[in-house]
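*Asks:* Quick note on the working numbering: the sequence shown kicks off at 1 and runs consecutively.
Mixed in with the good hints there might be a few duds.
Claimed, not checked - With a cut-off of at most 25 Å between alpha-carbon atoms, the simulated DMTMM-like pairs for lysine to aspartate or glutamate come out as follows: (1) Lys159 with Glu142; (2) Lys66 with Glu29; (3) Lys193 with Glu142; (4) Lys161 with Glu194.
Quick caveat, the hints were computed from the structure, so don't treat them as lab data.
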Amino acid sequence: MNGCSSLMHFPEFSWNARRLYLSSTKIEELPSSMISRLSCLVELDMSDCQSIRTLPSSVKHLVSLKSLSLNGCKHLENLPDSLQNLTSLENLEVSGCLNINEFPRLAKNIEVLRISETSINEVPARICDLSQLRSLDISGNEKLKSLPVSISELRSLEKLKLSGCCVLESLPPEICQTMSCLRWLDLERTSIKELPENIGNLIALEVLQAGRTAIRRAPLSIARLERLQVLAIGNSFYTSQGLHSLCPHLSIFNDLRALCLSNMNMIEIPNSIGNLWSLSELDLSGNNFEHIPASIRRLTRLSRLDVNNCQRLQALPDDLPRRLLYIYAHGCTSLVSISGCFKPCCLRKLVASNCYKLDQEAQILIHRNMKLDAAKPEHSYFPGRDVPSCFNHQAMGSSLRIRQPSSDILGFSACIMIGVDGELIGINILIREEGGKELSWQVRRELRSLSDTWKSSEERGMSINRFVEWHATVFGVSTESMQLSYDSRGNCVPIILSLLQRRLYDQGGLKVEGIFRITGDNSEEEFVREELNKGVVPEGIDVHCLSGLIKAWFRELPRGILDSLPSEQVMQCESEEDFVKVVRLLPQAEASLLNWAVNLMADIVEHEDVNKMTTRNLALVFAPNMSKMADPLTALMYAVQVMHLLKNLTEKTLRERKVASSQIVPCDDSEADVEECNQEEEEKGVDDVNKEEEIIKVEDEVKPSNGLDFDKEKREKT
Numbered sequence: 001m002n003g004c005s006s007l008m009h010f011p012e013f014s015w016n017a018r019r020l021y022l023s024s025t026k027i028e029e030l031p032s033s034m035i036s037r038l039s040c041l042v043e044l045d046m047s048d049c050q051s052i053r054t055l056p057s058s059v060k061h062l063v064s065l066k067s068l069s070l071n072g073c074k075h076l077e078n079l080p081d082s083l084q085n086l087t088s089l090e091n092l093e094v095s096g097c098l099n100i101n102e103f104p105r106l107a108k109n110i111e112v113l114r115i116s117e118t119s120i121n122e123v124p125a126r127i128c129d130l131s132q133l134r135s136l137d138i139s140g141n142e143k144l145k146s147l148p149v150s151i152s153e154l155r156s157l158e159k160l161k162l163s164g165c166c167v168l169e170s171l172p173p174e175i176c177q178t179m180s181c182l183r184w185l186d187l188e189r190t191s192i193k194e195l196p197e198n199i200g201n202l203i204a205l206e207v208l209q210a211g212r213t214a215i216r217r218a219p220l221s222i223a224r225l226e227r228l229q230v231l232a233i234g235n236s237f238y239t240s241q242g243l244h245s246l247c248p249h250l251s252i253f254n255d256l257r258a259l260c261l262s263n264m265n266m267i268e269i270p271n272s273i274g275n276l277w278s279l280s281e282l283d284l285s286g287n288n289f290e291h292i293p294a295s296i297r298r299l300t301r302l303s304r305l306d307v308n309n310c311q312r313l314q315a316l317p318d319d320l321p322r323r324l325l326y327i328y329a330h331g332c333t334s335l336v337s338i339s340g341c342f343k344p345c346c347l348r349k350l351v352a353s354n355c356y357k358l359d360q361e362a363q364i365l366i367h368r369n370m371k372l373d374a375a376k377p378e379h380s381y382f383p384g385r386d387v388p389s390c391f392n393h394q395a396m397g398s399s400l401r402i403r404q405p406s407s408d409i410l411g412f413s414a415c416i417m418i419g420v421d422g423e424l425i426g427i428n429i430l431i432r433e434e435g436g437k438e439l440s441w442q443v444r445r446e447l448r449s450l451s452d453t454w455k456s457s458e459e460r461g462m463s464i465n466r467f468v469e470w471h472a473t474v475f476g477v478s479t480e481s482m483q484l485s486y487d488s489r490g491n492c493v494p495i496i497l498s499l500l501q502r503r504l505y506d507q508g509g510l511k512v513e514g515i516f517r518i519t520g521d522n523s524e525e526e527f528v529r530e531e532l533n534k535g536v537v538p539e540g541i542d543v544h545c546l547s548g549l550i551k552a553w554f555r556e557l558p559r560g561i562l563d564s565l566p567s568e569q570v571m572q573c574e575s576e577e578d579f580v581k582v583v584r585l586l587p588q589a590e591a592s593l594l595n596w597a598v599n600l601m602a603d604i605v606e607h608e609d610v611n612k613m614t615t616r617n618l619a620l621v622f623a624p625n626m627s628k629m630a631d632p633l634t635a636l637m638y639a640v641q642v643m644h645l646l647k648n649l650t651e652k653t654l655r656e657r658k659v660a661s662s663q664i665v666p667c668d669d670s671e672a673d674v675e676e677c678n679q680e681e682e683e684k685g686v687d688d689v690n691k692e693e694e695i696i697k698v699e700d701e702v703k704p705s706n707g708l709d710f711d712k713e714k715r716e717k718t
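I would like the entire structure built from these sequences, with the hints used as guidance.
*Replies:* Have a look at this one:
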């Protein structure tokens, strides 16, 4: 009944109901007479019920309740003490309940507690009683001044969010002595002045957010955080001395995927940044350096570079990482040279708006690159007052009429001149043929993020590249535009993935150490790309090149296969059950691709003793390729959660395979029967291979799979 805005009274229903969804209704109270009978209720969602003010003490009768959501109930007053009688309760969410000013009393079995943006001014010492707590979110509580020492006794805690507690000045050092399971620590927008000297004891820590704080230096023990994947310390008050004390430790973080050092008054980028070989996203925006060190070319996995508003930056390096997809250089008012931008073979977006010193040669270089290979960039932004002459058809106003080409075209380039007056939220583009057929798309978020520094009435140029037909390449296009086939598990996937997977397996890739982690040769990868675009998979290709191309295929999709999922819901997942539940929301095409990828990872992990690739290692290298987000900080956090999603699903798949294999009825022990059984299996295997070869050759439209399903009883035995 979510969203039934006229519903004012608690409805009558079966006492055997297990789940009730009543969010955004006008229900004013929970009748005790009805609540006391709902002994089977497992989940109750009453978020955003603005009329509800109290919960009755009779909630203690909800003995089966595992999840209670009251987010956004702005008029809800303090929760009843009877909640501590709900011994089955595992998840409680009361974020945005502005009138709650006391920390609730809860049973010790609670695992997830979100009590952010309330009026709570202290966390009681009794919080140590919540021994099963895995996730604690008390962010946005602006009156919270300190944390009790007893919070350090939460030995099972994995995630602690304190962001937005603006008067919180310190952390109890005892936290770092006992919280060995903590993997996520969010201190953004607090008044914390220093990190605990013993923070290095948090050996499981993967995400450290400490931006927009008063922290002035990094303790030496930070070098022991070897599992760190996301480090965000931008907009903090680091001194130059404190920042230099951090830089020597950067090379220690071998798993670091995302690094945010924005707005830290840096006048020089250390050469050691090139040692972060796992880095995929780097945010250096708002600093005062003039050059980026050449060592950045060693960041072979870097896909996003953000140098927005680095007003003293004069040039981008001539030799940028070849896999760089996005470059954001808005507001770099001293930038003169961008020649290095077009050496990365995968570049899809370049933002150079408000770079006033870019000369005509730079603009010609942008146009030339777009014309040479229409498959690469999607958008480029740069300053200008005239549409370049290389665009044959020009007009004033908001429309242009041209004669339709007599032959098919692979794509086109367009340049749009816009004058910004206030906030620009985006551009809608529509192509209408004489026969009535229409093709449309939007350019939105990229421009919104730049609007805060654009001045009124300034003219900006923007080049856009868009495919009309997608047959020129098998990378960077939608799955709907490609030839599809069924794999052996019933997943409907592009033929290119099936071909690459088969070749990888045939060449023994499953047993190669570091498969999917070690980078292949770039020149060989370029050659294979060209052959794949011709429909050919060359023989004798290095397995690391094949695995790199599989990752590249996912990475270069127009949108990530997980982008259709509600990001907030993904971020809230805490358990395998949560992840399985959320991926069921995927559309069929994306679900099949995810299922294919998870089974691929499971195949690899089954040979972990040889290839040294664990579920965590594989999830770490696949996660950056599964989603795309415009906001860099959000992308950093989301990628870590995606890693845990992939890890959980792969481990679940491996368990189910083990159970399935144990249920296979063995052949009779006699030698003759064993030989006959083996012969039958070999013949069956040959038949399966022949069938798969026939499937791969199919070029007609095929029926898609029924979507992702990780339920044991619905899995087909491979």
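*Asks:* CA of Lys66 to CA of Glu29, is that 25 Å or under?
*Replies:* holds (20 Å)
*Asks:* When you check the alpha-carbon spacing of Lys161 and Glu194, does it fall within 25 Å?
*Replies:* Within the cut-off at roughly 17 Å; holds.
*Asks:* Is Lys159 close enough to Glu142, meaning Cα to Cα at most 25 Å?
*Replies:* Between Lys159 and Glu142 the Cα gap is close to 20 Å, so the pair holds against 25 Å.
*Asks:* Check whether the Cα positions of Lys193 and Glu142 lie no farther apart than 25 Å.
*Replies:* holds (17 Å)
Violation of the numbered hints given earlier is absent; every hint is satisfied by the structure.
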